[in-house]
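J.: Each chain, written out:
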Amino acid sequence: MTTSNRGFLETLWDFFCSLKLAISLLILLAATSIIGTIIPQGPPPPEYLQTISEGKHKFYQALGFFDMYHSWWFILLLYLFTVNIVACSIKRLPRVWKAISEPTLVMDDKFEKTLSLTHDFKMNGDAASLRDKMVAFLKGEFAAPVVTERDGEFHLFAQKTPYSRLGVYVVHLSIIVIFIGALIGSFFGYKAYVEIAEGTSTSVVHNRADMKPIDLGFTVRCDKFTVSYYDTGAPKEFKSLLTVIDGGKVVFDKRPVIVNDPLTYKGITFYQASYRPAEGAGLYFFTVRERKGGAPAKISIQQGERKVLSDGSTMQVLEVAQEVSKFIPQFQGPAARIEVTPKGGGAPQVFIVFQNYPEFDAQRGGDLIFSYDGSEEKMFTGLQVAKDPGVWVVWAGCFLMVAGCCMAFFMSHRRIWIRVRKGEVTLGGSANKNQPGFQLAFDALVDKLKQQ
Amino acid sequence: MTSSMLFNIATFSYLISMLAFFTFLAVKGKSVGLVGSLAAYFGFIVHSAAILLRWKESYDIGMGHAPLSNLYESVVFFAWTIILIFGIIDLKYKYRVVGAFVVPFALLGMAWAQLGMDSGIQPLVPALQSNWLLYHVITCFLGYAAFAVACGISIMYLIKAGKDESAGSAQSGGIIAMFPSIKILDDLNYKAIIIGFPLLTLGIITGAAWANYAWGTYWSWDPKETWSLIVWFIYAAFLHARFTRGWVGKKAAILSIVGFAATIFCYLGVNLFLSGLHSYGGGG
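Chains as they are written, first to last, in the UniProt record's numbering: chain A, 1 to 452; chain B, 1 to 284.
Be aware that a few hints might be false.
Stated by the list, open to error - Okay, derived cross-link-like pairs now, DSSO-like style, lysine-lysine, Cα gap no bigger than 30 Å in a straight line:
| # | chain 1 | residue 1 | chain 2 | residue 2 |
| --- | --- | --- | --- | --- |
| 1 | A | Lys448 | B | Lys92 |
| 2 | A | Lys448 | B | Lys94 |
| 3 | A | Lys91 | B | Lys224 |
| 4 | A | Lys191 | B | Lys224 |
| 5 | B | Lys183 | A | Lys113 |
| 6 | B | Lys183 | A | Lys20 |
Think of the hints as simulated: they come from the structure by calculation, not from any bench.
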């Protein structure tokens, strides 16, 4: 009973340690990840549902294809992957550590046969003086050696970058660190969203996942939002001026926040994400003069408001456009469509006035001549709000991963042994990576020694 | 002299280079091989100058940004990185014939960009206005280019291995005789991938850092992100496969080609067929 139990556990352990499992998992993760890039993620839109049969829909639903990367089986693959990495590393690390911490110091005849790079020299002198010469040589040309005496022979051992053998385990560790960082973020952080109208403030944002309100503990005010455009009409910059007030004190005053330049306070970061006009909250400006002469009057009027003019008639703004050329190609710039109703009622007149053509309305022939001076539209700024205390753990993991990759791929553990006997010196070398490169270095070392 | 003219000269140089390499395969004349390399290097210098000039031109018209912002500019830069990685391998390992299987990738990119794409300099939309654009694009494309070189070498490997098998132990002649031995091709494939893998890793990390800086999420399973991870998984599998005996040689070469196909899908396919943050390629 115990033996079969032990046998099972051992088989299980071997299964998790195997490189075959690692390769299979990597390929399986790659293959299954494709599903989520083809099937739309999140609640499927009705147009999409019409293109697939009901059976398919049920099948997709059952396997969690609409939230692929959080489905039980994908998470299970990731867990298996993690267990595999840990098990593989635990199994192999002690052997690698032993190679680093307890190097073979003595090159006996048996060990010499296992080395592909060796060279023999005849040299004059007794063992002790040759030893001193070789120690100086290794120190100058390679690395300081460890000297061991055995049976009247001296054995020298020197090595370079032994720790590069740990590179692959640093990469494995980095993956675990990144996963831990991601878990910290998902447990203790949130992604939220908030819209703030110009001139107003808020201290509550809404969680993206469940729309639940989150109290920030401080207040954010949007003082102004602006959009600028290139000549081509493409957007150039979205900018909010944000003021942060904490406990009655202004922490940030009208700090500009643009895309790619967020604002962070108390671990909570605000990102410029979107905007929209606040309907009905705009203010429009006009100049009205009487045809018979007299000082022109400046008026400001809100959307939906009806204003009485000097001659007793009333006006209201029906709609405005920032760029009129889309509708009337002969004209450019902002324009407003207004309605003027004569005093005491009567048929209202509807016409368009342009900001760039202030004299245009004179052609209409009315008693009052209008020109449009522009608008001050109230805007809502849309901000992403994120708190992620795990992000630094993730970056630390990323740094480890790059460092580990460089150790694993570009550095090699190079070792040189020298055995000194009376009148004879034997050189041996080995590298755990890039053998041809090390062979060149070894040959160069041999040449140098010959010249001595 | 405009950058567009220089890009045409570079494209033409790559054409000469490719033809010289093909001739080299057929006639085995060393000087023809040298012409192939020299034409590629000349093209590379002109290509570099053209990229710098385009950078300056964008400042001259008042929307200065690094020439890495749309599909045209990225294809042109990809071709540049392919020649760069080829040059490094050519100078370091001296297997000139590899050029016959790598330069065509760069030529294809340049010809497509010059003949089939709008080369106008466009202003940067707000999301792209960041230095991260530079770090992210450069690391990603250097990685992609190393994978392109690995793919070219793997194709050589499969041709050579196939011929060796059918010819039995007899020395295979003709064009294949010019190829380095399959052992060397296998090793070069591995070397190109160990250059590419850390670069791709850096590319994914800089992308994640940028996304975190711009939107507050370093990973959102967007199709582009997911595909970059798929590519990463495939090459990670390749690297692990090299430690087990059964997976060197042919299987490794096939995995390298599959990896490059996934890389190309990650680069172009995602933009053309799937929607997401990196949508410049789809014209949307």
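J.: A separate judgement is required for each hint: does it hold in the structure or not?
T.: How the hints compare with the structure:
1. Lys448(A) / Lys92(B): Roughly 24 Å separates the two Cα atoms, so the pair holds.
2. Lys448(A) / Lys94(B): holds, 26 Å
3. Lys91(A) / Lys224(B): violated, 35 Å
4. Lys191(A) / Lys224(B): Within the cut-off at roughly 21 Å; holds.
5. Lys183(B) / Lys113(A): holds, 24 Å
6. Lys183(B) / Lys20(A): It holds: about 23 Å lies between the C-alpha atoms, which stays within 30 Å.
Of the numbered hints stated above, the single one contradicted by the structure is hint 3.
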